[in-house]
Amino acid sequence: MQKLYHGAAFYPELWGTEIVEEDILHMQKIGLNVVRIGEFIWSYIEPNKGEIDISFLVDIINRLKDHGIDTVMCTPTATPPIWMSYQHPERMHVDKEGTVMSHGARQHICTNNAYFRKRSAIITEALAEGLGKLPGIIGWQLDNEFKCHVGECYCETCKAEWHSFLKQKYQTIEQLNTAWGTQIWSQYYQSFEQIPQPTATPFLHNASLSTMYKLFTHEKITEFANEQAAIIRQYSDAPITHNATVFFDLNQSLLFENLDFASFDTYAVKENISSFFMLCDLYRNIKKDTPFWLMETSTSFSASLERYASPHPDGYLQAEATYAYAAGAEGFCYWLWRQQRTGCEITHGSVVSAWGQPTIGYTNVLEVERIRKELEPFLLSTKPMQAEVAVCYSDRAKAYFQTEPFNGIQYKQIVTSFYERFISLGIHRDLIMEQADLDGYKLLFTPFIPYLSSEYIQRAIEFVEKGGIWIVGPLAGGRTINHTNHTDCALGELEKQVGVHALFTNPLDGTNTYGEAFGITAELGLWSTIFDTENGENIGLIKEGLGAGKAFIKETKKGKGKIIMLGSLPVGQQGEKMIEALIQHYVRQAAIKMEIKTTPGTAMIPRVDKDASYYVIVNMDGKTSKVTFPKKSMVWKSNQILESGSYEIPAYSYRVIKYGF
Amino acid sequence: MQKLYHGAAFYPELWGTEIVEEDILHMQKIGLNVVRIGEFIWSYIEPNKGEIDISFLVDIINRLKDHGIDTVMCTPTATPPIWMSYQHPERMHVDKEGTVMSHGARQHICTNNAYFRKRSAIITEALAEGLGKLPGIIGWQLDNEFKCHVGECYCETCKAEWHSFLKQKYQTIEQLNTAWGTQIWSQYYQSFEQIPQPTATPFLHNASLSTMYKLFTHEKITEFANEQAAIIRQYSDAPITHNATVFFDLNQSLLFENLDFASFDTYAVKENISSFFMLCDLYRNIKKDTPFWLMETSTSFSASLERYASPHPDGYLQAEATYAYAAGAEGFCYWLWRQQRTGCEITHGSVVSAWGQPTIGYTNVLEVERIRKELEPFLLSTKPMQAEVAVCYSDRAKAYFQTEPFNGIQYKQIVTSFYERFISLGIHRDLIMEQADLDGYKLLFTPFIPYLSSEYIQRAIEFVEKGGIWIVGPLAGGRTINHTNHTDCALGELEKQVGVHALFTNPLDGTNTYGEAFGITAELGLWSTIFDTENGENIGLIKEGLGAGKAFIKETKKGKGKIIMLGSLPVGQQGEKMIEALIQHYVRQAAIKMEIKTTPGTAMIPRVDKDASYYVIVNMDGKTSKVTFPKKSMVWKSNQILESGSYEIPAYSYRVIKYGF
Amino acid sequence: MQKLYHGAAFYPELWGTEIVEEDILHMQKIGLNVVRIGEFIWSYIEPNKGEIDISFLVDIINRLKDHGIDTVMCTPTATPPIWMSYQHPERMHVDKEGTVMSHGARQHICTNNAYFRKRSAIITEALAEGLGKLPGIIGWQLDNEFKCHVGECYCETCKAEWHSFLKQKYQTIEQLNTAWGTQIWSQYYQSFEQIPQPTATPFLHNASLSTMYKLFTHEKITEFANEQAAIIRQYSDAPITHNATVFFDLNQSLLFENLDFASFDTYAVKENISSFFMLCDLYRNIKKDTPFWLMETSTSFSASLERYASPHPDGYLQAEATYAYAAGAEGFCYWLWRQQRTGCEITHGSVVSAWGQPTIGYTNVLEVERIRKELEPFLLSTKPMQAEVAVCYSDRAKAYFQTEPFNGIQYKQIVTSFYERFISLGIHRDLIMEQADLDGYKLLFTPFIPYLSSEYIQRAIEFVEKGGIWIVGPLAGGRTINHTNHTDCALGELEKQVGVHALFTNPLDGTNTYGEAFGITAELGLWSTIFDTENGENIGLIKEGLGAGKAFIKETKKGKGKIIMLGSLPVGQQGEKMIEALIQHYVRQAAIKMEIKTTPGTAMIPRVDKDASYYVIVNMDGKTSKVTFPKKSMVWKSNQILESGSYEIPAYSYRVIKYGF
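Chains as they are written, first to last, in the working numbering: chain A, 1 to 661; chain B, 1 to 661; chain C, 1 to 661.
Keep in mind that the hints are not guaranteed to be accurate.
Intra- or inter-copy, both count: the list cannot distinguish identical chains.
In silico DSSO-like links for lysine-lysine, alpha-carbon gap of 27 Å or less [claimed, not checked]:
| # | residue 1 | residue 2 |
| --- | --- | --- |
| 1 | 49 | 167 |
| 2 | 29 | 65 |
| 3 | 29 | 550 |
| 4 | 96 | 159 |
If you're looking for bench data, these hints aren't it; they were derived computationally from the structure.
The following block holds chain A by itself, in its conformation from the complex (with noise of 0.2 Å):
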């Protein structure tokens, strides 16, 4: 990492070259360095099919150089124009109504429609050629926010698609219609070719079929950006990078796989920043090593047409970068510079406002650039500490949950509200993909993933054997990779592996079933898993209500580690107490370190260099908050020394603490 970023989403296509110019000016002003551009732009520089002509680009790029701000160049697929869409309803994308997106918005054609991948390779081709070798451009964005308005398409091109990806899948109709039990409802395919996208039924589609078009199209989109990313890689050595977030309909795993580096879009509130920290934790690992971008935020609040978010509270914004930097973010960049004359963005917060004055958001964005300032040479010398704890992340276990709700589960926010027992106890942690290196951890969770690979409970085994400790469950391993059940035990290798019994998979809400653990009584709920009480520890009971005297936490040795298995969800207040319970315990059995206190809505993220370690402690709630450090500390940068005892942190500001030197 060289410098930290700081920038805005410019398009400078929308507005003419006098305003451009003082736009730039403008942002050399305040500091800002970065800018992202053209993710919108084909229509402006391929105003005919063929006719394309990027010197506008080239002269930008250069003028920002020259202005000392570098460009994130975004290829501008998410928008084909007009001559691409217009009388070709059959390039469109389709929804599972059977819809036909209209031209208009974004991401109205589909992305596996083969004339709109030529289209893509060209104008990619053109842009990476003419534009990938200026002194200006450090990195490209792929399009923008995959599947963020779309999710499945059910196009004719989607569906032959489709059975192309099954036949590859399955090889044989026969091995498909084992595999999904098609016998059930008559469902039998005798070909390919017969197989449906899964659109209007009277009742459900079988669950294969249901999750299968996910990871299909979750495959397809991977497809695409691959493609597009070896384009870009013939003419340019700058990374490429694609700006997800969680709610988009990706596989993020297999999408960043062959990129270079993360980034995310947040707009996340104040009340939502356990959401911030989840996204900054999960980025920050997808790539590991490799410094993540916060590609899109609000100065101060997004807006449509259709609605708003409440304003940031003055400051807010600062301790928003400051953690994000900190966090491992080499780039924290505005949604948007100039804000929107027309279309139906235009009450989207910015740093200038349609008419270039500053904005609600401008003088909290000149805080920003001070602290980035500050920082960075602390940040440049320092990188962020590996987590001892590792929660599993997983989008393909998103797609089950789509496909398989139970009642009512939504995948992100069932994880995040796991996820904030560990931030109320003030654990650093690290949020992973499943097939994240399980090195240099300590304890890992894999709480929600209803498919369970082979591959992924082995090298969770071999961990535990080293002395890992591994707490899988709830709603883990009970689902094959067909999504179907198993059909030698519940949990399927998982159960057998750990050497655990499961008697009964049922709901348990509404039941008043209570569990005990960790000395707490709890009512539990969702579909469980009930043990026997035989093999292993029985570390949580059934008490009182179905399965009485039964085990819904087991815990079992295995080599120089253990495994837990939680059967089932504490659900309440006494819920959440056994959760912080289970974590404790097993975060004290792993000796995991807690040095540091804080009072909540302060967070803290720790930071090594070759010799000590680093704390940025960020107040993000903007209430007098308290950190107590247990051991003299030192003050970095000032090099004060803060005998050990409490301080405050000051709304939305931070402290940097050399700890126990």
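Fit chains B and C to the known structure of chain A by using the hints.
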């Protein structure tokens, strides 16, 4: 009735030979003596068009019989195979919005499609011919849950059939135009072909058109059932049924007319026992003097991918089975034996899990079997006593309310809430269809039936003249056979025959109108009929609000009996009290026996043999309950004498009492 | 104005000769002197294409006239016959989702369809020619409730018309591209033909496109109305109207420009009297100095198959009629005379039932007639006094808010809630359209009008310069004629003309921002404009939260008057108080007379003749109410002197007072 059946739905086509063998032995071991098979098996026995092979079924049915297990054989027409649906959108069910259903769930093909009818006839004939004489076959079930997932179909076939239906009903277009009053809004039709199906319009369709389309749908599904039954009867003497329930889009009165016995499915949870009682009271009376079957219920909880119910408390299943058998069920069957491996119901409760182990409901199934054996001698030697109180139920009325819900009336809900008053008063009652014989009843209730046929009114009046008491309303009689208003008086023939005078019909909700009857004052709600005070006796008078001084309950003597017109629905807690007071008042006048009292949550079913009468008393809510006898009684079988007084019925258990011997 | 009309909608085509005769006699007997007929009669008078016979109408109108009943004749174009709709999907209205409407309700054919326009011209010409000179015809109503069930149509005809509309408006595609800023999201169009209708997209359409489609819809329905009116005027001198109301998709300012008098329909229930007042205040002013008609109201309750309203309390109807007549209505008419026998409104309240008997509202109709007779001499010799306060109402603003509701703003609702402040303060006010003459007003309010035309701003400033006080905002002036942002300053021409400086525009909801004005501190909400404190007087200052220290209410002197910029909406109870304080403050400054005080629920309408002024005081809420005169008054007609002091107005009754003579 030869024996009581206890069984489960079984899908041998979904599992290999070994598991099927294991399952048959397991069923035999725990005493199950019937399975229901085949309702979704079409693709398995006719994988390609015309390649029908039912030897698998012959073998299974015989093997089952060898292990003491009888079979209810289903026709598989709910799930037509892919060779019928693929590339035939014109055969598919089309919903009101015009969406064409895709293959993959159930009921995806229009049951009026000629090709579907033809292939259904062929497959059913093959089954009837090949299996009809097997000793294991004790009954047939047509299709599965007709119209449970889909209601009216809007395909082109249905459009043509709809025109034929109307032509047959109205003969000339002028008669239809007159009946429907189509000069309103220039709806006027020049020919039957012009009459639309009730698809999207800027505002509502003519009530006549909407209701007729529903009645058309009822008639056509009955026509299909009758076609299928006729085929089976050529080859098999086993009785034929269908597994219906009240919320499907059916006119059960028509449907069961030509079937041999009534069946229903219920997944009522413990919070909803009044719905369960209602189903037993209704299906017992659909085919008078013929035992009904409870064809599907869950061992513990129902579920699909998108939702699950709370499992029953331990013990509830036994109470449910005891009540059902006592109320007249010959069969009590689970859906399903073995949890599904694949599909969209992989979470649904079962007897054994997908891996063949006992589920959470398993021990309750064993208990049901114990009770079945215990009660069988008693139940085979007695039969349910006809009630003295009848409440009329009408699927045609349901159709009227679907067209005209006034302010959100749902027929089943409003009937249930009226019906619950009988439960809370502990009055034994029958739920009867409109065309049911009224012999043997003393008190007849006809609430919420907008259209009363001349024949019905005539029959009810004859019942009254012979001494019966008929309570008619609220919302009864105000609409004609064409779903229009009367033009001679508010309630048409009913009003004239009874000899009262309705002044106004209008809503009373929100008007602070209060009525008094039986010493109780209650707010009046709903679309109401207000009567003058001149003819008959004014049982309920409006004290305040709209129509003050007029009557809302009128009593008129007729022959040896009387007719009570209930013009309005008293609402709120006082309203419930007023309805209960009304019921009790006329129960007393009709000299209806109500000897035994129970605490709420405990239900009684009276049964008789030629010598005596008995009560089966079931604790249905799991709380401590009490039953009180004013006279000496005797415990069935043990012949233990119970002095008059109160006795406890433990949670979910039952007592059989020979009463007042 | 020659007399007051009191009447009902009448459908002689739906009933036989005898009933029609009975009805005419009945109307005459109870004093009704006008009917409205024919608005759905098309199929009756043109059963087959071209076979037009209107002799039935000639006869009816003459018979009515013979019985002293005049006729408002409607064109029947809201319900085109089946011969126009059958097998012509291309003629039907198509909704945003692409659903093609079916025959059977109203407004099912696209009013822009050329064939519809042609057939409408023919039928209307036949009616105008055949009936235009009949002595019974006192007026015409075009169609019925334009755009009440449908809004924008998305058929192919509309697509072509849309392109023509845009071509005419923007001349060249480049000018449109520039105006709409279509380089955003690569929307850029190469020709007018490519511009989509705003159908489904993955996200929102460009605001310009969405709003223009609404304005296109407004213009086209006006065009149709004008075509029809021109035909009638060839044959008839009777004045032409249309029965509109504020929630239809119309620009009434355009629509009524070429019509002769204004009419509206209202089914407001007693809980919603402010809506009723608002309609009277608006329609009185649409055609200045021409009496309006209340063309439809219910005698007691409105209803259709799917819902019904609570009936009015006894007495409410009289109060409604008294107020309407006093507020300037020439006609007060019921929908409908005789309850429908068939269709989808069989439950709707009426004067007589489907069987010809009095309904629950009947005696109130008799009372209205008594009052009409009582008040007629007074009302014919006086006229409503123009208010000194005007509040501007804009259907174009409604369109802007439909495109851009910010956080869920519904124009009618937010305007009503602002307007209610005038009611609670007892201030007589006019609701005026944007183009209305400002002469005679002292105080002008312009809230919630995102786009203010140059012409409007100019006119308002002239009003100010002559001494008027103009209060503009919240949410006024921030958008251009193309529904885009200004690029010179926040509020464009308004801001520059007024000479204030808007610093920021952003939401304040949820930010705990408090402002102070008139000694009241209130939370500020909504999308707000924050001003600097330098120019003009700072009437409202932000005390806390975002923009603290800046202004949200600015006052600027201009000529003899002043302009008050209201940048934000104060919310909550304190917010209502602040708005009331603002109104009162400027009412005092403008020296507006508010002599008489009433308790809430009692309304006053001032009227004048050449000598004196009068107040009609109506008890509208049925509670005991009080009116207080500071000076001696005289009761109209009785000439009884009332000393200054308080007097009671009994429930739903009225007093006419000659004041301060």
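Worksheet entry | Intra- versus inter-copy proximity for residue 167 and residue 49 (alpha-carbon distance at most 27 Å) | So residue 49 and residue 167 pass the 27 Å test across copies only (24 Å; inside, 35 Å).
Worksheet item: Checking residue 29 and residue 550: alpha-carbon separation at most 27 Å within a copy, between copies, both or neither?
Response: Result: close only across copies, 26 Å inter versus 68 Å intra.
Practice prompt. Since the copies are identical, ignore which copy is meant and state whether residue 29 and residue 65 lie within 27 Å (CA to CA) inside a copy, between copies, both or neither.
Written response: within (14 Å within a copy, 83 Å between copies)
Item to complete: Since the copies are identical, ignore which copy is meant and state whether residue 96 and residue 159 lie within 27 Å (CA to CA) inside a copy, between copies, both or neither.
Response: both (12 Å within a copy, 25 Å between copies)
Of the numbered hints listed earlier, not one is contradicted by the structure.
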